[in-house]
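Q: As a plain string of letters, each chain reads:
Number of protein chains: 2
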Amino acid sequence: MGRWEPNTRERLAKAAMELYAERGFEQTTVAGIAQRAGLTERTFFRHYADKREVLFAGSGELEALFVRAVAEAPGGLGPLGALAVGLDAVGEVFTGRREFARQRQAVIAATAELQERELIKLASMAAALAGALRERGVEAPDASLAAEVGIAVFKVGFERWVEAADERPMGDVMREALDGVKGLVR
Amino acid sequence: MGRWEPNTRERLAKAAMELYAERGFEQTTVAGIAQRAGLTERTFFRHYADKREVLFAGSGELEALFVRAVAEAPGGLGPLGALAVGLDAVGEVFTGRREFARQRQAVIAATAELQERELIKLASMAAALAGALRERGVEAPDASLAAEVGIAVFKVGFERWVEAADERPMGDVMREALDGVKGLVR
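Chains as they are written, first to last, in the numbering used here: chain A, 79 to 264; chain B, 79 to 264.
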């Protein structure tokens with residue numbers, strides 16, 4: 079138990095999600111999460127800064143991965159093509175994680191403070207993607223527009239993936255959403 | 079002075095903007111705003127709930143106007159066409175208000191709390207626009223995608239309009255941004 083337990087972090091996340099669903103995010107305490115996981119509060123704080131971080135711990139890595147994939151996409155691709163490569167990379171990360179994503183989405187939808195945090199995360203991703211596109215030689219206004227469209231696709235695609243009756247690869251759903259935008263224009 | 083002064087509200091807004099620019103939003107107090115405007119705090123609170131509301135007072139009306147224009151756009155228009163009508167209506171509201179918009183943008187960019195509020199405002203607009211498009215018979219996923227694209231255009235277009243060296247009608251800049259999205263797809 080404790081320090082050397084291999085999956086301590088996952089156990090804490092699972093316990094937190096259960097309590098957020100049962101009691102609500104605001105009513106859940108770190109002490110309660112630790113108890114449910116059969117661990118101490120001290121162990122919790124070795125893994126997460128606070129109870130909110132259980133939900134947002136991977137955001138920085140996700141943004142970095144998305145941006146890197148866009149930056150390193152084949153040079154011949156235009157802005158939307160490069161974003162499609164980024165969305166594929168993001169989709170792979172979520173393989174096998176739909177149940178967690180679904181629970182997380184429900185907790186966030188129920189709590190205004192968390193919705194704000196989620197919006198900030200998306201705005202940060204949009205700014206970082208615009209930067210990556212400018213690095214690829216896309217003009218500033220087009221880079222910002224394309225990045226915002228990429229985030230719109232990510233947001234709508236993510237919701238669709240989480241809510242679908244059957245589990246499909248996230249990459250496929252994202253491609254569909256991107257095709258949806260193209261269809262609107264045509 | 080005070081209650082029956084015709085342009086009290088505008089004087090308060092002007093005084094607030096000056097102080098936000100000079101001292102920063104966080105360091106500005108309602109007492110300071112009232113003093114600068116030559117009015118009392120009590121008068122301030124008859125017009126605004128708090129110092130943040132000076133910056134967001136028109137948000138609800140703007141959203142309602144945008145949504146109504148989309149809802150009432152000619153029936154033959156597709157989702158992006160209806161959004162273009164909405165963006166035109168929004169553009170008209172800002173005629174002659176670029177200086178205020180520019181100051182407001184600078185204050186918001188400098189304050190994390192205000193950026194969050196701005197993101198929430200945009201997310202609320204996106205949800206309301208998606209609802210208006212569904213009412214027009216647009217399928218749910220396309221309605222959400224189109225609404226997010228509309229907000230992307232509004233966000234990028236607004237920044238471009240505010241930052242441009244010369245003042246152009248906002249509607250023209252919004253149309254350009256929408257054409258920019260179309261150009262990305264083609």
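To be clear, the hints were calculated from the coordinates, so they are not data collected in a lab. Predicted model only: the values in this text are computed from it and were never measured. Careful, some of the hints might be misleading.
For identical chains, the list gives no copy identity; a pair is met inside one copy or between any two copies.
Said to hold, decoys possible - The list that follows gives simulated cross-link-like pairs (lysine-lysine, BS3-like), each with its CA atoms no further than 27 Å apart: (1) 129 with 199; (2) 260 with 92; (3) 260 with 129; (4) 260 with 233; (5) 233 with 199.
Q: Work down the list of hints and note, for each, if the structure agrees.
A: Taking the hints in turn, this is what the structure says about them:
1. 129 with 199: both (17 Å within a copy, 26 Å between copies)
2. 260 with 92: For residue 260 and residue 92, the Cα distance exceeds 27 Å both inside one copy (38 Å) and across copies (43 Å).
3. 260 with 129: neither (39 Å within a copy, 42 Å between copies)
4. 260 with 233: both (16 Å within a copy, 20 Å between copies)
5. 233 with 199: both (11 Å within a copy, 16 Å between copies)
Hint violations for this structure: numbers 2, 3, all remaining hints satisfied.
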